[in-house]
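Engineer: First to last, the protein sequences are chains A and B.
At position 7 of the first sequence the residue is numbered 6 (numbering that gives the first Met the number 0), and the sequence of numbers has no breaks.
At position 153 of the second sequence the residue is numbered 152 (numbering that gives the first Met the number 0), and the sequence of numbers has no breaks.
By construction, these hints were calculated from the structure, which means they are not laboratory data.
Here are the simulated lysine to any residue pairs, SDA-like style, with alpha carbons at most 25 Å apart: (1) B:K127 x A:D29; (2) B:K127 x B:P138; (3) B:K127 x A:A19; (4) B:K127 x A:F7; (5) B:K127 x A:R28; (6) B:K127 x A:R21; (7) B:K73 x B:A96; (8) B:K73 x A:M0; (9) B:K73 x A:A5; (10) B:K127 x A:A25; (11) B:K73 x A:H27; (12) B:K73 x A:R9; (13) B:K127 x B:T144; (14) B:K127 x B:R140; (15) B:K73 x A:R21; (16) B:K73 x A:A12; (17) B:K73 x A:F13; (18) B:K127 x B:T79; (19) B:K73 x A:A11; (20) B:K73 x A:D16; (21) B:K127 x A:H27; (22) B:K73 x B:E55; (23) B:K73 x A:A4; (24) B:K73 x A:E8; (25) B:K73 x A:A19; (26) B:K127 x B:S111; (27) B:K73 x A:L6; (28) B:K73 x B:D60; (29) B:K73 x A:F7; (30) B:K73 x A:T1; (31) B:K73 x A:T2; (32) B:K127 x A:A18; (33) B:K73 x A:A25.
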Amino acid sequence: MTTWAALFERGAAFDVDTAAVRETLAAHRDAGDDTDEERDGGGTDE
Amino acid sequence: MAARMSDVDPGAVAADADVLAADLFVDGAAREALDVVRAHSWVTLVASDPLLDDAEAVVADLGDQAVAADWRAKLEREATVVTHPAGDQPALAAAQAADAAHVLSYDEQLRSARTGMQLKERVDVSVKSPDAFARLFDPERLYPTVVGGDYPGPDCDPRD
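Sequences are here, hints too, so could you generate the full structure?
Structural biologist: The following block contains the structure:
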């Protein structure tokens, strides 16, 4: 099993900051919410 | 489900997906907070499949699939993975399912006083930013309650 030290070294190589993490999660969850609404029949058309 | 206010575990912590992913990428507050968890065998990180799914998606998007898969395998091995109803906010639901006292999140809405009041009606959980958790979580003070006896200091290598 890999160590946290090794994982952190790999993670650092992507040069990601906390703001990018937060924005990406928000976009991911928004996309999930839209998918749930469409599946439930509550589309987003206005 | 009825709220269970009396058996909350002060040594159990759920971290939202933003904190989990930031821990991997950034040498900052999220890592400092989760280092406290990793450094103590009696402090438990709780997670769920929906929570890990969210975090893995972020890691794969900002990093790559290989590091996301290895990271998830490591977390699944070290965290206590619980189940909860689909559709609930994953970190809160994982904390509730595990009776965890702490949720770590960068989400200001989740940490707002109003949300806190609503949460108190359902579960006795404190939602904190990672830097606040790192500042306020006191293993030495909690040890006698959670484990018993005198605090021996950290007993795990948080980089292992």
